[in-house]
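Asks: Listed below are the residues making up each chain.
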Amino acid sequence: MAAADSPSAALRRRDLCSRGIRLAGKMRADVVDLLDAYVEQQGLDASASVAAVEGVPLAAVERWDEQTGTQRLLENLAAYRAFRALLAQMLEEQREQLGEADAGLGRALAAVLLQVSAFAYHLEELLRLESRGIPGEEEDGPPPPPRLSRFEQKLRGLGVLRELAHWAVRSERQLAKPSPASGAAPGLAESP
Amino acid sequence: MWKNSSLRCLLALAILCLRSLIYSQEIGSLGDPQNLKCVTHNLQKMLCTWDVSSRGRRGQTDFCYTTNDLTPQVCFKTKERRVEIPIPESSITVTIKSSGTATKEFVIHQKDISFVPITPHILSLMPDFPTSTLNLKWSDNGSVFPYGLDALWQIQILRKEPMEVVTQVTYYSKLTHEDVILSWNWTSDMPLECTSHYVKIRCYINATQFVGSKDWSDWSPTEVIPGKDTEPGESGVFPLDPVVAVGSDLTFCCVHEEDQRITNMTYGSKSYTMMQLSSRSHAIRVLNANVSNSSGTNVVCRLENAWEGSVVFVGYAPDTPQNLSCETPNFLIIKCTWKPGRPSGLYGERRTKYSLFERTSGRNVSCEVSGLNKDHVCDFPVLPAQKTYDFILGVSNPIGQAKSSLLVDITQRVHPKTPEKLTVTENNSTSIQLRWFINGSFAEIRLLCQLEISSSHSERKLQNVSTPGRKSSTYTAQVNELHPHTKYQFRVRCSDADHFWRWSDWSRGVEQTTSEAPPARGPDIWRERSPSGENVIVFWKPLSPSESNGIIVSHEVSCYLLDMLLEHKVVLEPSNSTEIKLGKSDCVISVVARNNAGSSPPSRITSVELPSDNVTTDQAVAVGNGINISWDSYPNMTCGYIVKWCHSSGSEPCSVDWQKFPSNTTSVVIKSALFKPGVRYNFSLYGCKSMGYQLLKNVTGYMKELPPKTAPNFIVEETSSDSILVKWEDIPIEECRGFFKRISSFLCKGEKDALKPRLSESGNPELKVNNITDLTKKSMKILDLQGKTSYQLELQAYTAGGLSPPNSLYVVTKEDSVGLIIAILIPVAVVVLLGVLASIFCYRKREWIKETFYPEIPNPENSKALQFQRNICEGNKTLKTLEMNPCTPNSVEVVETQSTAPKIEDTEMMSPAAETTVPEDGSESEMENHVVVSYCPPIIEEEISNPPTDEPGGSSQVVYIDIQSMYQPQIKPEEEPEIDLVTTAGYKPQMQLSISALKIEGHSPVEEELDKTAGYRPQANTNAWNMGTPDSPGSVESNNENASFGSPCSINSRQFLLPPKDDEDSPKPINTAWSFTHFFQNKPND
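These protein sequence lines map, in sequence, to chains A and B.
Per UniProt numbering, the very first residue in the first sequence carries number 1; after that it's consecutive.
Per UniProt numbering, the very first residue in the second sequence carries number 1; after that it's consecutive.
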């Protein structure tokens, strides 16, 4: 804990964590709402089984509470960066497919995208506080996804939103729960 | 006919031989070449084949043919048993000689040759998966034929496992002596991905000149388009994301792995029955598809562990654009607008797209339209030196396309942009200059601009200005004839002056207030002498805004007598009158209005008022919205007439108003917004002469008559026993609210406290109504009333507007004093007269009286008194109560019913218990406390102890239940204390009672004498009893209201000794006092 020595750094960390918890909670609530609207608007079934979508990070990682705080931060950051790209792609597809129709769904998507970006930035701030290097984003970005059918796009969107909702829950918990290394401080903020 | 069988055999043999000759001119024997057959594929050469025996198959064959005798025979050697030779025009002779065999000659006719086209070959079979279309290409091999021919191509399409023919079509073509690649498209009702599709083709050439037999060619080799179900690892729902028209019938298939099981297939939310296409493909069919929502309709194939799907977009082909219109706002761009018509139901990349194509220039512009249902707009650049544009608006979406065209000369379709930067500059109080800017290149046209001028005082005015157009320039216009000191709003719009098409939008409005100018005219003036006659009051009306040309600050009033200024006053606003001290003299009054810009021309009027006589006052009520005033023509009124009126509201001073009329007027309608209904206005008509004004007529008028606010206040000035005199006051003018028509009085008997409706509405038949139409009368006498009676009197006033609320009071008429006096004097006079007569009689007969009544030695036998007593006792059998037989002295016995009562021997004894313990319930007193007072001697008592049943009349008992208040109707008040002593003592001895009764009733001395000796008397005043005796059978059982249970009664008479308390017929003390006056009244119930 390089920055743990400084009281101001601890204060800053605590502040970032509490804001991060609020942000994750708000994001979770909005994603759940968006998920409902998405399922209805796309004519899907809420029980639709969606296979793991390529490029969508999975939240359900076994024994995640055994990870160190920094590992968790890095994993979260990678996930939200991926979600940011996926949501931007969804938004673009939405504009392509619907144009001016159903602008409400597009606005809701854009709002969640903004929250994901903000949360990713928030995670970067926490990592900076840990004096850890922030992994750089691939400049070229991820390789362009294969051309999907419209139905596959719909399912992928459903998968992205579902997984994002899971990630929001996970991030909220991880920010609130102490890591095994510290036992007291917020889990994401702890270093090994 | 055929009798001989041998003949039949011969004939059959001959036919066989003949046929043999026709089909194959075989010459030779067995082992020689035979069965020569010739088939042509191109109608130019034919391929002839024959059979030979095994002996002749080895070695070469000499083959020769000749078509006729003129051409030399063509021979060649061949090792095969087939040769290609030309088709003869009619026949050909062929000789074939194989080694080791004899030469065989055949004659072949054209009709023996078969024509079978060459088997076609499919050049290509191309699938278009999105449209489920197959494209088939093949060559017609037309070059092989010597001339053009009609060709038929039969194409067969098959699918499924095992193969089923889906369709078989015949395709027609013309062979043109060239090889032509033919193409044919077929759209499958099932996506080509769903399963493999097979295609084959064959040909038939309709060679009409060829006489031989013609036949279809063989089927071409089958070409196949493999379905996705043949590709390993392929899965999905097909077609993929199709866009189809509403109402289409759709087939969707689900391709899956062989070992996967389909749970179901749904279209939207509905599950459909599946049909198996192959082991890896199943399909559903959806009929008449409805328009889908914006995100499309999902087709989902639910497999055991996965979902496959496709999204179908069902919409409409684009509608033809409506109301296409193109115009230029600035000669830089052409703006085309149209209405899109029915929405396609397709969005995003499938949306309807528009393009504008101009045919003259060949320029195409793609239109980006936004909005779902609004007018669509597309801009096209103005091309140099091109005035006429031929536009085609193309519309397309994945389902279809449409177009609309328009030919337009843009110089006639100018819709300028909205003028900007409008400013206003004032020139003077009636003129301004407007400047505005229009963005655009209008150098080639003239602009027509319209200026809108509006103010609160005048109607909106439009002024057109035509000006040469310029390139992005400022334009100006002058606006004159404005009114001074007026706030104006200006705005401007423009159009093409030469070819009007449309006005631009109005520019933003600007405001400008013009400066002030001197008032346009002098004020309208009038004058009146003050009530004292010493002063003249000058009135003027305010000038209208259009006349004042500014804010009037003051009025200057001058008074001239022969050009000599007598007085000059400046009256500041807002006064509209002033008073000039003039005395008895007159002058010419001049009034000038002033504002900040100057003075108005003066208005003049003379103060002279000419004398007038016979001035009448008329009444007028408004008809319509004004009061009509008319008069006879006065020829000497040279300068017109003036109607002056005055209206005041309540306490405010009278406000003078007037109107001037030319001298030929004889009738006017005075209108004013200030006129109110129910308010009296006084109009005065003045005639104008050169010398002055003369009052001609007065008119009192109402705008509308209303019911009076109140009824007249009135008093009853005089009251007599049969009449009243009513006087009333005038109603104040403000409360009249109309011209009085009459005053009505309503009179009816009534007490003050009684709650009664309005008399006029009561419908009382006794209601006396008097209408006074002579409104000068202020009093009224109402006669024929009853004396000493309360009357209710109401007064109401009527106008044409209705009835006022009533004003009422109560009045009681006086007693009739003459009748009262007569009623008193007559009995007194009679009594006095009788007394005098009796005195005279007694005086004259005093000796006889003394002899008779007071002899010195009295003789009992001669006593008349005793005789009288005996007569009563013996003769009057009916009056049991007075029966004195055996005329023994009375004794009174009080009998207790439950205990043996002590005998009461003293007749004056009374029972205290009977007085003090009087229960309310009479029955209880009867049982417990009643006292039997016996008036009979002991012999009678014996009869009581053995009560007779048949002769109740034998008993002389009186049963007193209650003797508390003996009825005393005739007792005078001053005698009451004495009587009380008697009446409150319970039982009274009969003698006392008779004395009291005598005092009251004033019996004659004879009767008085009789009563003194009568002994027992009935307990009640029988004279007052009107009813029949209770002895009568009817009265015993009757339910008479007078029955008074608990009242004391005589056993013998059974007559109630006390009258019932609520007996209406019984006289009451107060009514006794009234008896005299009532005696003189006409009506008994009064």
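FYI, nobody ran anything at the bench for these hints, they're computed from the structure.
Cβ coordinates follow ideal geometry from the N, Cα and C atoms, glycine included.
Any given hint could turn out to be false.
Computed footprint of chain A on chain B, listed as stretches where at least three residues anywhere in the stretch have a Cβ under 8 Å from a Cβ of chain A [unchecked claim]: (1) 292-306; (2) 508-519.
Derived pair list, reagent style EDC-like, types lysine to aspartate or glutamate, alpha-carbon separation capped at 16 Å [as the list claims (entries may be wrong)]: (3) K353/B - E96/A; (4) K709/B - D722/B; (5) K569/B - E556/B; (6) K749/B - E729/B; (7) K471/B - E511/B; (8) K471/B - E420/B; (9) K403/B - D390/B; (10) K353/B - D45/A; (11) K270/B - E96/A.
Asks: Decide, hint by hint, whether the structure agrees.
Replies: These are the hints, each one checked on the structure:
1. 292-306: holds (count 10)
2. 508-519: violated (count 0)
3. K353/B - E96/A: Cα-Cα ~14 Å, so holds.
4. K709/B - D722/B: 32 Å, violated
5. K569/B - E556/B: 6 Å, holds
6. K749/B - E729/B: At roughly 24 Å apart (the allowed maximum being 16 Å), E729/B and K749/B break the hint.
7. K471/B - E511/B: 27 Å, violated
8. K471/B - E420/B: 14 Å, holds
9. K403/B - D390/B: 13 Å, holds
10. K353/B - D45/A: 32 Å, violated
11. K270/B - E96/A: Violated, at about 27 Å.
In this structure, the hints that do not hold are numbers 2, 4, 6, 7, 10 and 11, in rising order.
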